[in-house]
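Q: Sequence order for the protein chains is D, W and Y.
If you count the first sequence from 1, position 49 lands on 48 in numbering that gives the first Met the number 0, and the numbers rise without skipping.
If you count the second sequence from 1, position 77 lands on 76 in numbering that gives the first Met the number 0, and the numbers rise without skipping.
If you count the third sequence from 1, position 43 lands on 42 in numbering that gives the first Met the number 0, and the numbers rise without skipping.
Simulated from the structure, these hints should not be mistaken for laboratory data.
What you are looking at is a predicted structure, and each value in this text was computed from that prediction instead of being measured.
Incorrect hints may appear among the rest.
In silico EDC-like cross-links for lysine to aspartate or glutamate, where the CA-CA straight-line distance does not exceed 20 Å [unchecked claim]: (1) Y/Lys67 with W/Asp130; (2) W/Lys21 with W/Glu78; (3) Y/Lys67 with W/Asp122; (4) Y/Lys34 with Y/Glu117; (5) W/Lys21 with Y/Glu117.
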Amino acid sequence: MREEIIIRVGAKFLAPFIIMFALYVHFHGDYSPGGGFQAGVILAAAFALLALVYGLEAVQKVLPLWFTRMCAALGVLIFAGVGVVTMLLGHNYLGYNALAPDPTHPEHGQHYGILLVELGVLVTVFGVMVTVFYHFAGRGRSDS
Amino acid sequence: MNIVVDIVLFTLLGAAGFALLKVRNLFAVVMLAGIYSLLSAGLFTVMDAVDVAFTEAAVGAGISTVLFLGALALAGHHENRPGHTPLLPLLVVVVTGGALVYGTMDMPGFGHPENPVHHHVADHYIEESYDEIGIPNVVTSVLASYRGYDTMGETTVVFAAAVGVMLLLSGARRPRSRGGGGGGTAGEGEDG
Amino acid sequence: MRLDLFVSHYNYWVVIFLMMVGFYILISRGNLIKKVVGLNVFQTAVFMLYISMGKITGGTPPILVDPKGGGEAAAEVMYSNPLPHVLILTAIVVGIATTSVGLALAVRIKEAYGTLEEDEISRIEAEREAAE
Numbered sequence: 000m001r002e003e004i005i006i007r008v009g010a011k012f013l014a015p016f017i018i019m020f021a022l023y024v025h026f027h028g029d030y031s032p033g034g035g036f037q038a039g040v041i042l043a044a045a046f047a048l049l050a051l052v053y054g055l056e057a058v059q060k061v062l063p064l065w066f067t068r069m070c071a072a073l074g075v076l077i078f079a080g081v082g083v084v085t086m087l088l089g090h091n092y093l094g095y096n097a098l099a100p101d102p103t104h105p106e107h108g109q110h111y112g113i114l115l116v117e118l119g120v121l122v123t124v125f126g127v128m129v130t131v132f133y134h135f136a137g138r139g140r141s142d143s
Numbered sequence: 000m001n002i003v004v005d006i007v008l009f010t011l012l013g014a015a016g017f018a019l020l021k022v023r024n025l026f027a028v029v030m031l032a033g034i035y036s037l038l039s040a041g042l043f044t045v046m047d048a049v050d051v052a053f054t055e056a057a058v059g060a061g062i063s064t065v066l067f068l069g070a071l072a073l074a075g076h077h078e079n080r081p082g083h084t085p086l087l088p089l090l091v092v093v094v095t096g097g098a099l100v101y102g103t104m105d106m107p108g109f110g111h112p113e114n115p116v117h118h119h120v121a122d123h124y125i126e127e128s129y130d131e132i133g134i135p136n137v138v139t140s141v142l143a144s145y146r147g148y149d150t151m152g153e154t155t156v157v158f159a160a161a162v163g164v165m166l167l168l169s170g171a172r173r174p175r176s177r178g179g180g181g182g183g184t185a186g187e188g189e190d191g
Numbered sequence: 000m001r002l003d004l005f006v007s008h009y010n011y012w013v014v015i016f017l018m019m020v021g022f023y024i025l026i027s028r029g030n031l032i033k034k035v036v037g038l039n040v041f042q043t044a045v046f047m048l049y050i051s052m053g054k055i056t057g058g059t060p061p062i063l064v065d066p067k068g069g070g071e072a073a074a075e076v077m078y079s080n081p082l083p084h085v086l087i088l089t090a091i092v093v094g095i096a097t098t099s100v101g102l103a104l105a106v107r108i109k110e111a112y113g114t115l116e117e118d119e120i121s122r123i124e125a126e127r128e129a130a131e
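Same shape as in the complex, but just chain D (with noise of 0.2 Å):
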C-alpha cells in the first residue's frame, strides 16, 4: 500500500482527528458516552491506521514496543494505586471520597477519583491493544 497516494494523504490527514477524537471521548465521557475504555481502542485503531498505510517500521519509530508494553502496565498500576491512596487517606479501597480537597464535599473526590481511574483504563486499553496488534503484525516479518 505504499503507493497509493489517496490513501496515504487519506489516513495521515484522518489520524490526528481519530487521536483528538479518543481524547474528547475520554474526558467528556462523564457527560455524554465514552469514557476510557472506548477512548483507548479509538487511540490504538489511529496507530493501526497508520502502521497498515505506512508499514510498523515506520510506525514503532513513533510508538516503539517497549512504550506501550510498559502503558499496558502503568494503567493497572494507576488504577490499583488509586485504590491504596485512597487506602492510606483512611477511607476504603477505590473509596474515592478521600481524594475531595474539601472535606466538607467528599463527593467532590469522585470527580477526581474517576477522572484517574478513567485515565488508567485509558492507557491500560491503548497499551494492550497496540501491543497485541503490534504482535500479530511483527510476527510475520522475520519469515519471509
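On the provided structure of chain D, position chains W and Y as indicated by the hints.
A: Here is chains W and Y on its own, set in the frame of chain D:
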C-alpha cells in the same frame, strides 16, 4: 417505530449470522463478522445502550477486524469443507436452542418498566448517583465508582491477555524458518 | 395474544438463534479461526440478551437530563437500566482481549502443525505418536 427498527436490525443480524456459517473464505468471514458487529452496535443504540454501542463499534468493527486480518495473514485463509456429517452438531444445537426458547417463556416481556431487573440496584443508581457522584452519565459513575473493583478486575484481565499474546507471539518462529529469515522486509504494509 | 407474545419475546428468540449459530459454528467447523469467529458471534448474542433485558420501552439512555434543575421535565424522564450496560461494556473489551489470545494460539498452532484444521492436527498427532 423503535420496535420496527429493532426487528429489522435483528433480522439483518440473523442473516449475517447465517452467512457467517455458510461462507468458507475466511477473509469474507472476517468482513461479515465486522458487519455483524456494526449491526449489533446499531441495535445497542436502539436499545438505549449508547456506551455499549460505542464500544462495540470501536472494538468489534475496528480493532477486532484488524486483528483477525493479521492472524489470517499469518495462518492462511482457507477453510476445509467439514469432514463429518453436520447431523450431530445440528441436533445438539436444536435441542439447546429449544430448551432456551422454552426458558424465555417465563421471562418478562421486552421493555416493561415493571420487570424485576429494573428494581434491584438500578433505581438507586439513577436516583442517587448525581448526588453521590456528581456526574450525569450514570454508566460512567457505575463503571468507575460503584463497581470500581469490577472494572479494576477487567483491566487486569485485559492486561493479562496482552501478556499472554506477548508470550505466545514474541518468541522466535519455527527453528527451520529461522535460518532463512532475519533479513526483514522493510515497510511491507499489512495489506492481506 | 400470540402476536403480543411474538413482539415481546422476538428479541430473546433472535438472540437465541444467534447464540445457536455461534454454537453451531463452534462445534461443527474444524478451522480454528472459524471457531474463534463462532465464539465471537455467541458472545455478541449474549451481550444482546443482557442489553435487551435492560431496555425500557419509551426510556432514554441513562445519561441524566438536567440533573441539577430537578424540574418536572427531568422527573418525567424514564431511563433504561444502566447496570447491564456497565457489565457488557467491560465485557466487550475483555472479549477482544481474550479473542486476541485465541488468535495468537491459532497462529502458533499453524506454525507448529502447518494447518489450522482440527482433524488434520489430530491426524498429525497420531502419526507422530505412531512414529515414536
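Q: All hints, please: hold or fail.
A: The hints, checked one at a time:
Distance check on the hinted pair: Y/Lys67 and W/Asp130 sit about 9 Å apart at the alpha-carbon level, within 20 Å; holds. Taking the CA atoms of W/Lys21 and W/Glu78, the gap is near 11 Å; set against the 20 Å cutoff, the hint holds. With a C-alpha separation of about 18 Å, the suggested pair Y/Lys67 and W/Asp122 falls inside the 20 Å cut-off, and the hint holds. The suggested pairing of Y/Lys34 with Y/Glu117 holds, with an alpha-carbon distance near 10 Å, which does not exceed 20 Å.
This hinted pair checks out: W/Lys21 and Y/Glu117 have alpha carbons roughly 18 Å apart, not beyond 20 Å.
Violation of the numbered hints given earlier is absent; every hint is satisfied by the structure.
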